[in-house]
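There are 2 protein chains.
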Amino acid sequence: MRILNYIVILVFVLSASCSSPKNKKHQPSLILTAGAVDQIKSELNNLPILQRSVSKLTHEVNEDMKLGVNVPVPKDPAGGYTHNRHKQNYITMKGAGVLWQLTGELRYKDYVRDMLVAYAEMYPSLGFHPVQKSYAPGKLFWQSLNEAVWLVYTSQAYDCISGDLLEEERTLIESQLLIPFANFLSIETPKVFNRVHNHGVWAAAAVGMTGFAINNNEMVEHAYYGVSTGPKDEKVGAGFFTQLDQLFSPDGYYTEGPYYQRYALLPYMLFAQAIDNNQPELNIFEYREGILKKAVLATLQLTSTDGRFFPFNDALKSMSYMATELVHAVDIVYAVDPSNKELLSIAQEQDEVIICDAGLDVAKAINNNEAKAFKWQSLEFSDGPKGDQGAVGVLRSGSGKDEQCVIMKYASQGMGHGHFDRLTIQLYDGANEILQDYGAARYVNVEYKHGGRYLPENKTWAKQTIAHNTLVVDNNTQFDTNLKKATKTSSEPWIFNGDDVKLQVMSAKELNAYSGVEMQRTLALIQDEEEIEHSVVVDVIKVAASENHDYDLPYHYLGQFMDSNLDYKAEVDVKKALGQDNGYQHLWLDGEASATEDQSKVVWLNNGRFYTLISETKEGDQVLYTRLGANDPEFSLRNEPSVILRRKNTPSTTFSAAIEVHGSKHPVTEIVENLKSNLVKVTTVYDTKDYTAVQLDFNSGHKKVFVICNQDNSMEGQHEIQCGDQQYKWQGAYALF
Amino acid sequence: MRILNYIVILVFVLSASCSSPKNKKHQPSLILTAGAVDQIKSELNNLPILQRSVSKLTHEVNEDMKLGVNVPVPKDPAGGYTHNRHKQNYITMKGAGVLWQLTGELRYKDYVRDMLVAYAEMYPSLGFHPVQKSYAPGKLFWQSLNEAVWLVYTSQAYDCISGDLLEEERTLIESQLLIPFANFLSIETPKVFNRVHNHGVWAAAAVGMTGFAINNNEMVEHAYYGVSTGPKDEKVGAGFFTQLDQLFSPDGYYTEGPYYQRYALLPYMLFAQAIDNNQPELNIFEYREGILKKAVLATLQLTSTDGRFFPFNDALKSMSYMATELVHAVDIVYAVDPSNKELLSIAQEQDEVIICDAGLDVAKAINNNEAKAFKWQSLEFSDGPKGDQGAVGVLRSGSGKDEQCVIMKYASQGMGHGHFDRLTIQLYDGANEILQDYGAARYVNVEYKHGGRYLPENKTWAKQTIAHNTLVVDNNTQFDTNLKKATKTSSEPWIFNGDDVKLQVMSAKELNAYSGVEMQRTLALIQDEEEIEHSVVVDVIKVAASENHDYDLPYHYLGQFMDSNLDYKAEVDVKKALGQDNGYQHLWLDGEASATEDQSKVVWLNNGRFYTLISETKEGDQVLYTRLGANDPEFSLRNEPSVILRRKNTPSTTFSAAIEVHGSKHPVTEIVENLKSNLVKVTTVYDTKDYTAVQLDFNSGHKKVFVICNQDNSMEGQHEIQCGDQQYKWQGAYALF
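Sequence lines, in order, name chains C and G.
Under our numbering, the first residue of the first sequence is numbered 53, with each subsequent residue one higher.
Under our numbering, the first residue of the second sequence is numbered 53, with each subsequent residue one higher.
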């Protein structure tokens, strides 16, 4: 596989070398092309979404241009004036470049030119940025990541006006700004440039796009293949193709999770579009079986039905496919594959297109009523460059606000932004989070909260195992919170089948997170109109351990507590933190109960619907009712509830539970329906090394038995168990009777 | 005034007595009229909103009719089967009656007839309902209120089919069901019937509408004027006209607040419509200068911009003008006054019209594009039948999602559903609650939560003074939580002027809530484009007391805490309830700070916008950071935050503060703007018995001074104060320099 990729690269090297620079008057060709300019001009009035996008851009550019050309000497950290000004400059320059092409109004060209000249006059005098906090400092900005982003935008601005500049202006701008700027990002800082990481992708895109914009083949080659770090270095530098090979799994999944995948996509998509415009013979969008298209579709699928990304790992919950990165990605992928009409409905929701050939295609197709509703599907996304480092599984049933979606993370660690959360689950009902992932503890760009950086609580709470809906062993965090250890292994996919809407199943194993403890978690999403109103999620965690351990199984539900069948005792006058470390120090103990029944129920209400969690409990089990917010000296955490099933001093054991989505409470008519679950009991009726069987008892008196094979996940295997009076026979890795 | 009303009533009595019952074949005339039936049939296809309303009704009626005619012997309490069945029966009967008129399909008529016959056969055998928990028990239901509602609906159903029944069917239904049913509600239970209360309105409407439906004038007169409670009783019984005189203030405000006003409106509107259809000469909609129209418009104005009612007093927060009561009210008032085109936009939002003449008018006008956007206004709503029992003030600036709205309650107690919350405020930004009123502690119809009734925490928390954004004296609740005492007085309006959008002011005094303590609260809503982005609310509470007291001023903010300028100390491992009683037992103390500066700031983030509360503080003041949820043994309360300014052992004092709405945090671009307030300082620069002046310092260096007259609220008074070097001269009750 590896070798194959090198061969592919070699072919690309040859073909790339054959392309010769153009010598005639430069026309825009990087993202916006001369051909698109002509078409946009003639068709703009007939394409409302494009028209709105141009109006929006015009408004934004005009507003900022009122402030004149400001190129301050770099001084401030992220969020400060010079940082924000240089950021806004590249955005406005790019916009003004596009508007120069579309309108021919000189003020746009002059603005970009004056700005670039001002930069060219300042740039050679700049040393490293005075705020030296980054492993990779920049010059205009405190970190070179922002520097690369600046160049990705600025190269587009330059591409739009360079054909209309005087020779001496071009020379000044290229020799004093663009070339040294690109060199700084590549040959002068090869370690960052060659790094397989989204920072490296931005740098490659910046350098490669500048190469196209100024007809510099060497730059383009650096962008493709990285730079050599010395004569003795036998390693091929990284570069764009390696990034394409290594940063996405074969399913297009990016290991840090969808929040960062969204961010990483933009330089990929822009550079790929630039390559496609300038070296169409490379068929870059076909590379690695269309990996970029897969990456975009994976990002879109990893959202709740309101478009917000599933917030596992470090992630802010409000981020969605409305982000500009996805506007670019959706348009560009649609232009590459116009058969995918579902992308058009997302573009409609975004209500914006990028102003270039791709955006034009989308605008035309929308106007032609070609849009189809986007379909969220049950899918498994493998992790790792080869797809062998676990996966993220997503099961969905129903649709729209009646869609139930359960997600399990059984992937690799996800690098520095990963959480210690193997086998964690999330549950959505429509766009509502029912069992939540906390996401990251961070208020991006909010100066009050540690300058907008990750909060200390991101480490002490959000990354810890107890912060997730997964089993905690001995009150400790997976891998003893050791990232290096965690990075070495991943969970193992066991079953994934989302084909039968009545019974969808996923199962995975985690053998390394806790030494001496092997875990397998199986989720079944069941729809059955005869028994249940919406759906039931069956949740079985089988734990194998030879020694005794303490187990905590948290469910971080969102909503208002309604009821529990246990005789719980709430803390009424004084409450205490649940523990000292590993995240436990952040939970207030609100109350607890002994599991006196073999079923422990918790009912909550969220946005007009009821949810019942039924856990099978054993003598000695406890149920803890907790709320987040202890040891939070700056009141930064969200004070949300959880329920924790605690089983102490036990070797191998199995946790069987189910969550039913049911009923409603209307906000205005105040009518309440089906506030009691149809499912009444969950019982593990058979549990050996080979098989686990869980019986579901319904209010109707009907029973169902769900059986999982723990040792054979083939579709062909024939199985048989005797369970009391009942004999069950089936083929494949699971069955429902 | 009283005498005048009796004369008016007398005139009505005479004119009512002159109307003679019709003797020809009965046509519907109660709410739906024969004329409307013809028009609806011919125009339905051209009126989409009416069409959707008929479709919705047809679907609902058909679905319920599938279950057949079920008239169970009454047994269950609210929420139980027989309760719900009898409730659904009246809804479906009324719908089926309407559909019989519109479609002529016999099955609808037969359904209503069979149902009524079944009731007629059962009713004479019924004693009081077995669940005897009400001061006014019913027969079908546990309380006679539901009984009256049953008859309001059923009289309409009967009106729709009675012209098509056999004589013997009519006789059976009237003599065994409708007449004894109406008698039970009136002459047999005169105390409830004569009560000035919304229960009395339902009873009057039920009896009066039945009177029209069966041509029984005596019933109509009982409904109008109440029933005599004995020969020696000199009092005129209450009845509908007394209810119209006494339940609404001259501004149309209902003393229990908008949540219950909404509920109370339905019988008023239906009965008034029935009167207008049957005795148009009474001009019922003109009665008391159009009090019903005023009541409906007041209800609509007492909402946030998403239509939800301001939740002061006992109120559920999700209730809005989408409720069926308001669908009726909006349609009927529009038909009475078709010049009010703003009502049409609300009808459009409701997306439903009632199926009768009024709904037809609305549907036609909507179809004719006559709708105008509803305008929320700054208004003061007087309380009490004569308008002399205080008021509720509402100031608004901006519009839509950029509207800031501040509400102050300086009204009477609001009967049994009132809270001890004089001078409390609420702040909205768009539809977002920024300073909240908790509303009621109740989950209506949710069996898990005390059967859906008011929770114990409604009394122990929601009604208490500390639960509101108003001053608490000596940790006690206003009027020592004594309803009788509270009912005797009301707050006193002092200033209300919402005319100048740049400076709107309201002020009120409360002299009785705490013995020995007189309070005046003044709110100014200031818009000033030069200094502030959205608006600033200035909040001044002037307290006069000769003895020392402890004062707590809570602000129940909603949102995520961002920052405070004080050196606060959070409780990290253990936290305790703030007190033992008067609501304090429900607050966890999260942290506290000594007011070491003369300004105490709290910043929070709600739905992408920042809010800064700046309170002037004095040496010795404390700031408490609290969270609701202590002493909540069933986890019923919402765990929301508050900040409390505490000033101990002080006689007269003044609390000056301001809340600024500013900045933004975009959910997707993550761009943060203006996270710091423009207002930086609030200082009381002058404070005597006669005048209070508060200086506002802005970031720009500019200063403003807001002056209030505490003893002269005339518009004409000339005033002058010397404040340091500055002399201020003005005319009227307040000024801004």
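None of these hints come from the bench; they were simulated from the model.
Every residue gets a Cβ at the ideal spot worked out from N, C-alpha and C, and that includes glycine.
Errors might be hidden in some of the hints.
Chain C is faced by these chain G residues, among others (derived, beta-carbon under 10 Å) [what the hints assert, rightly or not]:
#1 Ala-375
#2 Arg-505
#3 Ala-629
#4 Asn-658
#5 Lys-670
#6 Gly-672
#7 Leu-676
#8 Tyr-677
#9 Asp-684
#10 Lys-728
#11 Val-732
Label-pair ranges, simulated between beta-carbon atoms [stated by the list, open to error]:
#12 Asp-749/C <-> Ser-646/G: 54 to 60 Å
#13 Asn-659/G <-> Glu-422/C: 34 to 40 Å
#14 Val-626/G <-> Asn-701/C: 53 to 59 Å
#15 Lys-424/G <-> Glu-725/C: 32 to 38 Å
For each hint, the structure was consulted:
The beta carbon of Ala-375/G is positioned within 10 Å of a beta carbon in chain C (closest approach about 5 Å), and the interface hint is therefore held. Using the Cβ-Cβ criterion of 10 Å, the hint placing Arg-505/G at the interface with chain C is not satisfied: the shortest such distance is roughly 13 Å. For the restraint placing Ala-629/G at the interface with chain C, the shortest Cβ-Cβ distance is roughly 5 Å, inside the 10 Å limit, so the hint holds. For Asn-658/G, the suggested interface contact is broken, since its CB lies about 13 Å from the closest CB of chain C, more than 10 Å.
This hint is violated: Lys-670/G has a C-beta 24 Å from the nearest C-beta of chain C, more than the 10 Å allowed. Annotation: interface hint on Gly-672/G violated; nearest CB of chain C at approximately 24 Å, more than 10 Å. For Leu-676/G, the interface hint is violated, the least distance from its beta-carbon to any beta-carbon of chain C being 13 Å, above 10 Å. For Tyr-677/G, the interface hint holds, since its Cβ comes within 10 Å of a Cβ in chain C; the closest pair sits about 7 Å apart.
Annotation: Asp-684/G was flagged as interfacial toward chain C, and the flag holds, the nearest CB pair being 7 Å apart, inside 10 Å. Hint status for Lys-728/G: holds, given a least beta-carbon distance of 8 Å to chain C, under 10 Å. Restraint check, Val-732/G versus chain C: the minimum CB separation of about 15 Å is more than 10 Å; hint violated. Our hint of 54 to 60 Å for Asp-749/C and Ser-646/G holds, since their Cβ atoms are close to 58 Å apart.
Taken as a hint, the range 34 to 40 Å holds for the pair Asn-659/G and Glu-422/C, whose Cβ atoms sit roughly 35 Å apart. Evaluation of the 53 to 59 Å hint for Val-626/G and Asn-701/C yields a failure: the beta carbon distance comes to about 27 Å. Distance hint for Lys-424/G and Glu-725/C: a CB-CB separation of about 37 Å, consistent with the stated range 32 to 38 Å.
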